[in-house]
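**Q** Starting from the known structure of chain A, fit chain B onto it as the hints suggest.
2 protein chains.
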Amino acid sequence: MSGLIAVVPDTRPVMHEAFTGAVRDAGGEVAGTAGLADAQAMIWADPYAANLYPELIAAAPAVQWVQLPYAGIEPFVDHLDERLVWTCAKGVYADPVAEWVMAALLMGLRDFHVFAAADSWCAESGRNLLGARITVLGGGGITRSLLRLLEPWGCQVTVVRRTADPVAGAARTFALADVHQAVTGADAVVVALALTDETRHVVDAALLEAMGQRCWLVNAARGGHVDHDALGAALRSGVIAGAVLDVTDPEPLPNSSELWGLENCVITPHIGNTREMGLPLITNRVRENVGRWLAGEELLGLVDVALGY
Amino acid sequence: MSGLIAVVPDTRPVMHEAFTGAVRDAGGEVAGTAGLADAQAMIWADPYAANLYPELIAAAPAVQWVQLPYAGIEPFVDHLDERLVWTCAKGVYADPVAEWVMAALLMGLRDFHVFAAADSWCAESGRNLLGARITVLGGGGITRSLLRLLEPWGCQVTVVRRTADPVAGAARTFALADVHQAVTGADAVVVALALTDETRHVVDAALLEAMGQRCWLVNAARGGHVDHDALGAALRSGVIAGAVLDVTDPEPLPNSSELWGLENCVITPHIGNTREMGLPLITNRVRENVGRWLAGEELLGLVDVALGY
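As given, the protein sequences belong to chains A and B, one line each in that order.
Just so you know, we're using the working numbering here: the first sequence kicks off at 1 and counts up by one.
Just so you know, we're using the working numbering here: the second sequence kicks off at 1 and counts up by one.
Calculated directly from the structure, the hints in this document are not laboratory data.
Take the hints with a grain of salt, since some may be wrong.
For chains that are exact copies, the list does not tell them apart, and a pair is met inside one copy or across any two.
[To be verified] List time: in silico DMTMM-like cross-link candidates among lysine to aspartate or glutamate, alpha-carbon distance up to 25 Å:
hint, residue 1, residue 2
1, Lys-90, Asp-119
2, Lys-90, Asp-10
3, Lys-90, Glu-124
Please read these numbers as outputs of a predicted model, since none were measured by experiment.
Pulled out of the complex, with its shape left as it was, chain A reads as follows:
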């Protein structure tokens, strides 16, 4: 494939600079304004400027591949064109959320929330994530990233999803209807579902009871998945071991919530994936995809133009 690659528009200087660097790092040549007519690929460098696309693609008739900078391609849906290969950042943004889940699991199981608040030498405590039984509710991108990060830990992972179709890397898969069975005996339950009528308050008093007193709840999805009143009661009375929540209902969680006062409940301010974390991740994806393009290999994050995602 040709190494001449356009990085456009230049309306967001920080992103533009990062992507041009990534193209060069991967061995590509960045097309200047004069070179746009010969560019074979186009890296789009401003998520908020889809309106500039028609003019720029018209000036770049040799382009065969367009890389978009985000996972959801809604602003580009009207521009998708089957004659081109389109890629987006699918999957990229799941990694920091999966990392947040790992941080939450390790903090809870190893009692780091206790040590972080201590002002004197504590008693020995903590359990291992190594070899633990982890149940993940949800079988999407966050779960796939999490399974990848968990791979060296020797955990027994159970995945709960709409259907019981197997998930690579999981020891067991259950349908959502069998969620109570799936959480029984778990050391931690991770919520990584989409929020629908079916999954709202999936973590209710009965599920917390089924999880049991050794189990941590880790919510990386939406506050609406958890019945917060039931959770507060379960945490107060030791029905479960503890909870780490990156999402609450509502957000921000008001100071009046009883959850703030519970030692076994840690709330992080929806930072699974922060604005700052995004740019390095999508820059890595651009570098990886430019390398694959130049080598003639399959690109990551391919968009199905017919389906529009």
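**A** Just chain B now, kept in the frame of chain A:
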């Protein structure tokens, strides 16, 4: 290989039960008292009863492999016999310490120590371990376990050891003499060294200065590796970002230490590897090795009888 395996002695019921379960889980048959004469392998189930070994091995003449339950085999040195294959728990106990390091890295970089102590919604903050630059001082068992756990995170790992011989999984290796160069630009420095005259206070004011204000210090080795006065000053003035210490000098760290009062310093009570964590880990090793034995594969933790370790 024969599936008849003796688990002896039965003087520690909890360990004996765990190991017999592991043998069965791996597909082996547990030899009862009557079956000892035909057992082909012996899993030793009491670290404090090496004195019983001569009598039991005499009653089990068909044994070809002996699995010992701990990493150091000192109590068995007099019984080692070159006609048998010996394995011990080498490497098993490094895993929980490496897990502690992962928990410390994630807590520090993702600001979980701040969130754990918060009683209201915080500002967005935190950085990724994904893709971070990590410098590990030490090239032994903990480092090997840590490199294994870090494998999916895409980190740029630098290892510092006595010599600059390469370490599998590390991007760069430096000799201890070049430690200042090795920590420059790191997002975190992990101490996993043995404590010797050469390594005492390796983390001093000058090294902290070289680490810089974005860098976390994580000490999983010995308190004597760190000059605590220099560390306190560096944490107060923002010379480094923060510290997570599982070891201090002295231990327990007295309440009068200024480190207790610093938000960017978390101290855990030497729990890299707790007493409770040991049994599940060695049980996993027994299960793994019985599976390998039955499949005719190489066993983990082989003891070199001639060398005695």
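**Q** Please go over all the hints and tell whether each is borne out by the structure.
**A** Results of checking the hints against the structure:
| no. | hint | in the structure |
| --- | --- | --- |
| 1 | Lys-90 - Asp-119 | neither (43 Å within a copy, 35 Å between copies) |
| 2 | Lys-90 - Asp-10 | within (23 Å within a copy, 55 Å between copies) |
| 3 | Lys-90 - Glu-124 | between (42 Å within a copy, 23 Å between copies) |
Checked against the numbered hints listed earlier, the structure breaks hint 1 alone; every other hint is satisfied.
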